[in-house]
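**Q** From first to last, the protein sequence lines are chains A and B.
Position in the first sequence (from 1) plus 80 gives the number in the working numbering.
Position in the second sequence (from 1) plus 80 gives the number in the working numbering.
These are computed hints drawn from the structure, not numbers from a lab.
Be a bit skeptical, because a hint or two may be false.
Only part of the chain B face toward chain A is listed, based on derived beta-carbon distances under 8 Å [to be verified]: (1) Thr414; (2) Ile473; (3) Pro474; (4) Gly478; (5) Ser615; (6) Gly638; (7) Val639; (8) Asn643; (9) Leu665; (10) Pro697; (11) Gly716; (12) Asn718.
Not close to chain A: a few residues of chain B, all C-beta gaps over 12 Å, as computed [what the hints assert, rightly or not]: (13) Gln300; (14) Thr385; (15) Thr482; (16) Ala626; (17) Leu728.
The structure displayed is predicted, hence computed values, not measured ones.
We put the CB at the ideal spot given by N, CA and C, even for glycine.
There are 2 protein chains.
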Amino acid sequence: MKIQHQTSVTAYKAGGFIGRYQRLIKDIVLPCQYSILCDEAPDTEKSHVVQNFINAGKVLRQAGENPAAGECGDGFYGMVFQDSDAAKWIEAAAYCLSLFPDEKLEETADRLIDIIADAQDTDGYLNTYYTIKDQDKRWTNLLEGHELYCSGHMMEAACAYFEATGKRKLLDVMEKNAEHIYTHFITQGHEGCPGHPEVELALLKLYRLTNNSHCMELAQHFINTRGEDPHFFEKEKEKRNWHVWNNDPVNTDYMQASKPVRTQSEAVGHAVRAVYLYTAMADLASSTDDGELFDACRRLWENITRRRMYLTGGIGSTVLGEAFTVDYDLPGDTAYAETCASIGLMFFASRMLENEIDGEYGDISEQAFYNTILGGMQLDGRRFFYVNPLEVIPGISGVSPTHRHDLPQRPKWYACACCPPNAARLIASFGKYAYGENADTAYCHLFAAGEVSFENGMKFTCETAYPYGFDIIYKIEKGGKLAVRIPGWSRTFQITIDGSPVSIKPQKGYVYLSVTDGTVVTLTLDDKPQFRYASTKIPALTGKTAVCRGPLVYCFEGVDNDNDILSLSLIRNGNLTASDYQENLLCGTATITADAIRHTDAAQETAGTKLYTDCPPTAAFCQAVAVPYYTWGNRGENQMRVWMEEALSAPPETFL
Amino acid sequence: MKIQHQTSVTAYKAGGFIGRYQRLIKDIVLPCQYSILCDEAPDTEKSHVVQNFINAGKVLRQAGENPAAGECGDGFYGMVFQDSDAAKWIEAAAYCLSLFPDEKLEETADRLIDIIADAQDTDGYLNTYYTIKDQDKRWTNLLEGHELYCSGHMMEAACAYFEATGKRKLLDVMEKNAEHIYTHFITQGHEGCPGHPEVELALLKLYRLTNNSHCMELAQHFINTRGEDPHFFEKEKEKRNWHVWNNDPVNTDYMQASKPVRTQSEAVGHAVRAVYLYTAMADLASSTDDGELFDACRRLWENITRRRMYLTGGIGSTVLGEAFTVDYDLPGDTAYAETCASIGLMFFASRMLENEIDGEYGDISEQAFYNTILGGMQLDGRRFFYVNPLEVIPGISGVSPTHRHDLPQRPKWYACACCPPNAARLIASFGKYAYGENADTAYCHLFAAGEVSFENGMKFTCETAYPYGFDIIYKIEKGGKLAVRIPGWSRTFQITIDGSPVSIKPQKGYVYLSVTDGTVVTLTLDDKPQFRYASTKIPALTGKTAVCRGPLVYCFEGVDNDNDILSLSLIRNGNLTASDYQENLLCGTATITADAIRHTDAAQETAGTKLYTDCPPTAAFCQAVAVPYYTWGNRGENQMRVWMEEALSAPPETFL
């Protein structure tokens, strides 16, 4: 069964845990980020992104003169894809406006859109880097140039802003931009596809909103031509005499262009590029009923989630190329696991759901969202991780040459600032991922308190303290068919309708209920903390165990454990006890206490300061305390570990 | 108490385990490597080193004409330090000639020395890279240029060849070269010290042999000026318009030049450079009774051996700069642990012994020698590792971008071929490290079967099957004072003199005995396999244990363990059983069998192919088989792991 569309973003008014995060995005994150985009935030990496648009507009108005001089102010500053930060901010602002109408925020966004519109050339071209620096370089470096990437993000912003406000200005700008791209690649027949996929999924969004067939045609063109000629980027490089980073065009895995997309089976290369591409592929597969394309998506999905994904939903295990590596290569301490890649994984999951309803898409979305994505942002919304390791040891992390990327504390902003605004737009649009619908059914993929109304007429309120409470109560206002995901992690579940238990077997991870106006459906999930074990095929995780509760992966920080988590082992089958919800801890959380062994280092004790000794460490029983992974690094620099050593405290039964 | 000199290389005729290796160097390694140096080996990386010397000679004989054209043949090929491969080969050949006189080998070496001598300029300069490519670049790039490094290796070769054969030709060439360097740096006062330390330790050797005070003065100059001006290499770079690798002159840690050597406390930067420098520092400290310099050496020694060294005696844990990182950062699977660095660590230990007698120097030398250094060479002497990881998983090692340097199989040769000839010269001169002496005492630092005679008149034969037999029998021919190291790993030891047990307490790791002609001294060491535990401060090794016997670190390979070592845990306090010596296994070895648990992956079994599950793996008792680390990778591509998971099979006593 297919879901044809995500719910519209206006359908969902959030409360509870997600609601708090969404208010944080509106009240703190968006204003903070806007001041950064305007270079008004003190002690922060320079952004210049708004000024770039202003300068590009000036360049266009003095066309014919030297574009980099005179009126154009201080030129261009930042990454080649700097424009996209403004786009993501507008998109996040749009989602917030649909949740929390706010005149001041809308005025700010309108003003920014005016500035952006002024930076569009008369032929529809829109990109400040090229407009300011060198208009002759347009479309000459698809490998590194990010023109299509920036257009894609601005198209997404345009769609979201139109949906939220009904204002067409940015949508018109981006339809004109799409037409410009269509002319270049289709009408004029210039070869190539983007080095960084993104425009494909954006064009499909734009098509869905505008019904402009050129958008669909362009999206199909970029998806279908990718990898058809694996030497395209080499030839392109030969033709140009400039570069951005001098990316190697021979390493076509980096941009998923080694073979046609329908024949791809392994998730390779830059992880964000990969999942943005797969998102578009899955979207196109459902839009066009393309079984071959869906099969490729399914192979790639399985390759990621069954061989190349961290427990936290992080993907891309190496800093080298911010990339996927090989099966089972998932070191925690040198993990890259970029926040944006997990965001892209949620995109991919949501588009897979449009092809087939299966609970695993929601399971993986939750893994990514509640762990890597939320962990990417400080609890106060003011600092961000780009990289999300599963282990941090101060003195090594961020310091050793092989750990330079794994920071023990979140920085305020990055020169390459893709992740912070990406997290903002994802969190603000959580409702799009939580709910789906088709003609007769409302789908609850993820759990979030709030009111939801569907285009098919259904409407309900969801009450829950999830992920810290495990009752999810749906109070049905307008009935119909309700499909609720039963998470894969929940060993047990119970459903009551108006207080009476009902027995329903999930189909592919969903229970289906017919509900009428006024019905109260309560889903009760397993609230017990659980151990997690990794496949023994992952060399980095042999002998280890992790602790989870609900969708939350937990971690152990030094601050809760005598500043030494390295000498702790968790006891196999030992007690795991969740605390009550503590409102004042880490913006509200529950800890888990685990039976553990503290090893005291014989090497240090009996032999001075030897590194290695023949004396085993002595062991003493203790209690170890874990907090949710998404809250780590909020209490100063600190040891942190997700995967803990496990002690078999009693001989396995086979010995007895 | 000091030892003023190592024993001369002619003093030691080897048998037993070391003897087999030394014969292998002479019979297989040297001929193989010579054919490579002459570009006569099929399917091997091109060396061109002999041809470089021939071509440099031609250039010099046509001085005034364009040096890179005409008579000089095919110019220069290889690394800027290519000359040093020839030097190390001659040095290894010299040691072999003193062990096993061989006319043909000596003729080959003489011929090569003639070619080298012909490549020396009239002013004493000797370096084929600069002579062939651009003589104007001489001495303009001490950071990367390796002229002093190559001179140092050729000085070491000259000393060894003179000691072995009495032939002065190469010694004269290198004294003249030393004088050329003296003129440049001392007489003419050009600033700087070598980017890659080596010439310092070589000049001290040359000084000891020739008593040429300029050699001592130069060595002191280079050691004392290092780090005095941390900006020297930056200024040098500003003055030149060429580079080799474009090394960053600001990263002065890389070449140990951030501060004066006497104030250094942490082993930093390129590991081979570091230990070559520290070797010279320790040598100079003992030669000049420089307590401040020795204190620095001691701090650096302790920093390496107590915080930055693998169990295998490997050092330099990152591929990035082939370098030391930070304390306790010792990942096994991405280890660099270059063979040459462990060779340099033995150099350093041997010079520390000239400052103070302490058993730990021999302990560390054995760790480095019997594990990383021997492991660097295939058992047949035909292939070599540059990088010596402590864990190899085919499919990840050598493939994943972060594991590209960790190869699961030894290549034949390298474009940068420093390690193979370095291993050859170290193994061939094992006697220099095994024995030392002063006026009245013969020191036995390491154990090796063979005859030994000392300049102080003492002489004995050592009989032992060490490292596979743990009786070491000294049959004294000419008596005196005998000092024998009791290894730190030996929990027990017994000494008998002419069959009668004697009770002696070691002083700083050595027992001292007065022996007369005809006395038979038998030392019996602990032959039991032992577990090893790492400090819990090493994040990569928490929860793990390793197995050792004598100086040998063992490892577990797939081929002995059902092709899956990842799912094995060794049982705390379980049985470890050494096999009898098996002559036909891996050129003669003993295996160790350990009580273990085989975990069967619930994630794979009960849940299809999930990466993570809430079911613990099932455990079954089994026996795991280990082989010495130095023998790994000799039976095809294979999983290998030194540090195994440990299972606490019973609750620690504190629980009971």
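**Q** Output the indices of the hints that this structure fails to meet, ascending.
**A** Numbers 3, 4, 6, 7, 8, 9, 11, 12, 14, 15, 16, 17 - these are the hints that the structure violates, sorted from lowest upward.
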